[in-house]
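Just so you know, the protein sequences line up as chains Z and X, in that order.
Reminder that position 374 of the first sequence reads as 709 in our numbering, one-by-one numbering, no gaps.
Reminder that position 253 of the second sequence reads as 241 in our numbering, one-by-one numbering, no gaps.
Worth double-checking, as some hints may not be accurate.
Below 30 Å or equal to it, Euclidean Cα-Cα: the simulated DSBU-like pairs (lysine-lysine) are [said to hold, decoys possible]: (1) 100/X to 416/Z; (2) 594/Z to 638/Z; (3) 298/X to 514/Z; (4) 303/X to 292/X; (5) 594/Z to 428/X; (6) 415/X to 197/X; (7) 122/X to 589/Z; (8) 415/Z to 99/X; (9) 396/Z to 415/X; (10) 540/Z to 99/X.
Keep in mind the hints are simulated off the structure, nothing from the lab.
This is what each chain is made of:
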Amino acid sequence: MIQSDIANYCIEQLKKAGADKSQCAVSFSEQKELNVETGEMSLFRTTFDTNIGLSVIVDQKSGTVAINKTDTESIDDAVKKVMDMAQSSQPDEANDISPSQPQQSFSKGDEEPNMDKMYQRLDEFMDYVKTTHPTINMEAAIVDFSQSTSVFRNSNGVEFKTREGMYGFSNMFTAKDGKDTSSFNGMGISALNLDTPFIESGSAKRLLRQSIEQVRTKPVSEKFTGEIVVTPDCLGDFLGFITGDISDGKIISKTSIYKEKLNQQITDPRFTLHARPISDEITDGYFITDDGYTAENSTIIDKGVLKTHLLSLYGANKTGGQRAVNGGGAYVVDAGEKPKDEIIKSIKKGILLERFSGGRPSADGEFSGVAKNSYYIENGEIQYPISETMISGNIQEMFNNIGAISSDRIDFGYCIFPWISFKGVTVS
Amino acid sequence: MNIPHDISQYNHHFKDYTELRVQENRVARISLTNGDVTGNVSSAQSGVSARVFKDGNWGFSSAPEFDDASVGRVVKSSTENVQFMNLKDTSRCGLILPDMMAEYEMDFSTKKPRENQKYWVDFAREVDGYIEKKFPELLSRNVVVAGTDMEKSLSTSDGSKSYSLTPRSFLVVTVAIEKDGNPVNLYELFGGLGQMEDNLLKPSDYFPKLDELVGRLKQKADGIFPKAGEQNVILDADLAGILAHEAIGHTTEADLVLGGSVAGDLMGQEVVSPLITLIDYANTFEGETCPVPVYVDDEGTPSKDTVIIKDGVLKSFMHNKESAQHFETQPDGNARAYAFSDEPLIRMRNTAFVPGTSSLEDMIASIDDGYYLTKSSNGQADSTSEFMFGIAMGYEIKNGKIGRAIKETTISGIAFDVLKTVDMISKEMSWSAGGMCGKKQWIPVGMGGPAIKCKVNIGGR
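Chain Z extracted, bound-state conformation (with noise of 0.2 Å):
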């Protein structure tokens, strides 16, 4: 069966089963990725793999199976399991599917991926990599292009159909000079071409170059508080608090710290965060929602202001909130003025946070963690790589003590990100 069909037998078979509403998403998808070893091109992976997620609802009671095959013996089980399973819920009036749209059917990339220039991209960031850092030790390096086609339907008669096909390229290195060894880096795109080499992608040659740097490291001289410059690189560990906080889970079960916060200042007027799923600026961003609406661009914090919870459909009926036009990432953080090298220049006493490596902040924001492949700065100047050094703060509180937000921004193809500088950080 094609991919409508199998959709359409899934909702005939949840209706005749007795469900009340069904969603049903069905996907093919092949992926081929190409690995570097320990320093070596040594792996050549082609997987291919099937989906079908079935969501139904019965007397108002919930149950989601996701299986991977398609003759109709699975999915006729599929069916009957997923049946059960709601019927053995509780009645929640919060759950629901997504009302008749327009359908549609959306594509992105190339069908097919070019193996060679996969390759060849590949070997030309080893070379490059070997020529120019020789100390680098290449853990692991892959590139990768997946390619899927789905099709989702429901029982309110909505039908989208998609196509994608995205490269992506991912790497994780140290490096050695004698018995000194760095921390670790990495960093990870997606594009819908190979026609920038790697090595000018994101932030490769930046963490390359300061992996070399950071052989030898050591800690910071005496604990203070002062300015940290968060890299594009790590700045969603931060921003994770508070797109966790304003989602689902946090915002149901009442933990979240922005819960009575909507359209009220939670950050410095000079942030704006959008998510941004169908903006041609967002290279792998998505077109559907999980719970079945076409997806929409948002500002979630528009200049301080917290425009948006992240809720679902299910989230908004079960909290009375509004549901959110998107399911977050994709997230896009607008530019400030000053271009970084600027922003360092104008620090007295404070770290460049190249990444972090954190505990999860508790429930209200405080965090502490350790600054990894990060720097020094003493009097607006990089003074050396740090090692054994802790920072910690409050992550509400930081967002409202922003020194200055970067004109430059690294966009990795699934978020775009700038450096922003945050005061009153405890370095220790």
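Add chain X to chain Z, keeping to what the hints say.
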């Protein structure tokens, strides 16, 4: 999907060195938030994969269907992939992997009748109902009942054959309370190896433990900020296990050693206190089955314990066949894959410090001013062995006695340095069975240990 116990009938498709694996991962999860069912999910992902090795390169392929034709297709696709690599690079031509032979079957599925979905929803509701009734002052309650079965069958061109069904199941309870307008939360995980029917017997079994959990939450809500900086601490088993796994274990995985980890230059040297012996157990500790038992790995190598550190001296790295060949040693069965579509990677199994001779009480009594850290929230480590662990629960120690609870914090240090400061190790052993380790793929791991006394850096303002 029916996973045959023996798939060697498909070996006729092999031409070169080949590993063939048929696998199904089944996951079931019921989540309650403040009494509402917010998750009621089941999934089964299965299929067949083949990995082919020739002239120093690997080809891998997987597909969700499993029959003779599908096996033929994945072996062909893997072979074409390795041929593509061999055409591009001949520099490792002639490389041969060590021959390993094993034949084993192990099935940890329950022998009891399987309960239906309603039973487990009601189980979770009874747990939740108890907390709601007894502790109405709580801000929120989250109860999760979850189980994962990994069932796999392997056949290799070396002649290895294995079948295993390794389930894990858990009850996870998270409670939160409001303190000064801010939420404070704490979780506890119960369960481990085995299906739900064997692990989660009666909701009432957990009531005393839930009382203790809420008691600890209230202590934590009233907790003090720990003093930042280097402190004397006792890391209870949960923390010692994560230290063994994250901070030392990863640096001794041979692929990370080849990637430049600090342990690469330390073989045969005294790297930590001579009180310390660190072992990655394959499947059994003192006659008891470990949380994540592995008898044959996914390359067909029979599993045995890897003694990483013996009396303070670094003795071994963990290997797959290829790294063992590189280091001219034998693999111990550490090559493991998570899903049917994943290739085996060098992974830990059940990593733990070997218990010592001290009692926990004597260890606490030996500290005038320090901390007893009992529960982690997360952990990360580095090629340098520098680590960071979130501390979800802990207490101050004053004049040899447990004092007030502390607020959440983190600890950090260079593991090889921190473990030089260990001067007492408890005789009690405790395993943590809920671990998932991320390294390209996620994989279940066991961690554990006794309590250890050492000096670490505590974060805080």
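A quick look at each hint next to the structure:
1. 100/X to 416/Z: holds (20 Å)
2. 594/Z to 638/Z: holds (19 Å)
3. 298/X to 514/Z: holds (22 Å)
4. 303/X to 292/X: holds (15 Å)
5. 594/Z to 428/X: violated (35 Å)
6. 415/X to 197/X: holds (23 Å)
7. 122/X to 589/Z: Given pair residue 122/X, residue 589/Z holds - Cα atoms ~20 Å apart, limit 30 Å.
8. 415/Z to 99/X: holds (24 Å)
9. 396/Z to 415/X: It is violated: about 50 Å lies between the C-alpha atoms, which goes past 30 Å.
10. 540/Z to 99/X: Given pair residue 540/Z, residue 99/X is violated - Cα atoms ~56 Å apart, limit 30 Å.
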